[in-house]
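Protein sequence lines, in the order shown, are assigned to chains A and B.
Reading the first sequence from the start, the letters are residues 1 to 111 in our numbering.
Reading the second sequence from the start, the letters are residues 1001 to 1113 in our numbering.
Since the hints were derived computationally from the structure, they do not count as laboratory data.
This one's a predicted model, so the numbers in the text were calculated from it and none came from an experiment.
The beta carbon of each residue, even a glycine, is placed where N, CA and C say it ideally should be.
Keep in mind that the hints are not guaranteed to be accurate.
Stated by the list, open to error - So these bits of chain A aren't anywhere near chain B, every CB distance computed over 12 Å: (1) GLU15; (2) SER18; (3) LEU99.
Claimed, not checked - Simulated pairs of lysine-lysine, DSS-like, Cα-Cα distance not exceeding 27 Å: (4) A:LYS68 <-> A:LYS42; (5) A:LYS68 <-> B:LYS1017; (6) A:LYS42 <-> B:LYS1017; (7) A:LYS63 <-> A:LYS79; (8) B:LYS1015 <-> A:LYS98; (9) A:LYS79 <-> A:LYS68; (10) B:LYS1015 <-> A:LYS68.
As the list claims (entries may be wrong) - Distance ranges between label pairs, derived from CB positions: (11) A:GLU70 <-> B:SER1053: 19 to 27 Å; (12) B:GLU1020 <-> A:LYS42: 20 to 28 Å; (13) A:HIS74 <-> B:SER1053: 37 to 45 Å; (14) A:LYS59 <-> B:GLU1014: 41 to 49 Å; (15) A:SER20 <-> B:SER1053: 37 to 45 Å; (16) A:GLU60 <-> B:ASP1018: 22 to 30 Å.
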Amino acid sequence: EDQVTQSPEALRLQEGESSSLNCSYTVSGLRGLFWYRQDPGKGPEFLFTLYSAGEEKEKERLKATLTKKESFLHITAPKPEDSATYLCAVQVGTGFQKLVFGTGTRLLVSP
Amino acid sequence: GAGVSQSPSNKVTEKGKDVELRCDPISGHTALYWYRQSLGQGLEFLIYFQGNSAPDKSGLPSDRFSAERTGGSVSTLTIQRTQQEDSAVYLCASSLATQAEQYFGPGTRLTVT
């Protein structure tokens, strides 16, 4: 069965304190790995797609990396506005783009 | 441009009643998806549309759930004889058929009392 596990469940950082979120997966045939950000009461907002081991993508203070078994979302010098739940999802199967999601990491950045 | 929109934003219904949830995808997006997000759980895939057809309905939790899409655009998710365990946020997403990124709407929060 395809599974996605995110850790930690919750993370509290001081402004400027860099850290990493982890997403490990066991799937039969990874077609892509996605990171989303979700603010309370809103739908997930697309951040990154990674397709192959060794790939990296950056956007502002965020950098996503991918290995054969896991992905990391690195947050450099976070600001309070980075506080949100970060969701990881894997694209599996063929023919269409079903996403299997992890339960997310709730990030709180304090000033 | 306009993103994915969903209505209503909130719905409170009594157990046993039927509800309809609506999704307007991004213009030009041919693929449309429904997910359910329950408290403390990850997003759960329900159904996928390519155009007006639904090749995969495997995620629908029971035969009380159905969905349709008309004109390759608007989609409606219908839940008949609602139960308390149906309470969740129902999210709709759309994507260009040739791209992987799914763009989500704000969701409909359904509460069954």
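We went through each hint and held it up to the structure:
Look at A:GLU15: its CB is around 28 Å from the nearest CB on chain B, clear of 12 Å, so calling it non-interface holds up. The Cβ of A:SER18 sits about 26 Å from the closest Cβ of chain B, beyond the 12 Å cut-off, so the non-interface label holds. With 12 Å as the threshold on Cβ separation, the claim that A:LEU99 sits away from chain B is violated: the shortest Cβ distance comes to roughly 7 Å. Proposed proximity of A:LYS68 and A:LYS42 is contradicted: the alpha carbons are some 31 Å apart, above 27 Å.
A hinted pair counts as satisfied when its Cα atoms are at most 27 Å apart, and A:LYS68 with B:LYS1017 does not qualify at roughly 47 Å. Note on A:LYS42 and B:LYS1017: the hinted pairing holds, with a Cα-Cα distance of about 26 Å set against a maximum of 27 Å. Using a Cα cut-off of 27 Å, the hinted pair A:LYS63 and A:LYS79 holds, with the two alpha carbons roughly 15 Å apart. Of the pairs offered as hints, the one joining B:LYS1015 and A:LYS98 is violated, with about 30 Å between alpha carbons and a cut-off of 27 Å exceeded.
For the hint linking A:LYS79 to A:LYS68, the alpha-carbon distance of about 30 Å lies beyond 27 Å, and the restraint is violated. Note on B:LYS1015 and A:LYS68: the hinted pairing is violated, with a Cα-Cα distance of about 45 Å set against a maximum of 27 Å. Under the hint 19 to 27 Å, the C-beta atoms of A:GLU70 and B:SER1053, about 36 Å apart, miss the expected range. The given range of 20 to 28 Å is respected by B:GLU1020 and A:LYS42, whose C-beta atoms sit roughly 22 Å from each other.
Separated by about 41 Å at the C-beta atoms, A:HIS74 and B:SER1053 satisfy the suggested range of 37 to 45 Å. The hint said 41 to 49 Å for the Cβ distance between A:LYS59 and B:GLU1014, and at roughly 44 Å that hint holds. Restraint check, A:SER20 to B:SER1053: a C-beta distance of roughly 41 Å satisfies the suggested window 37 to 45 Å. The hinted window of 22 to 30 Å between A:GLU60 and B:ASP1018 is violated, with their beta carbons roughly 44 Å apart.
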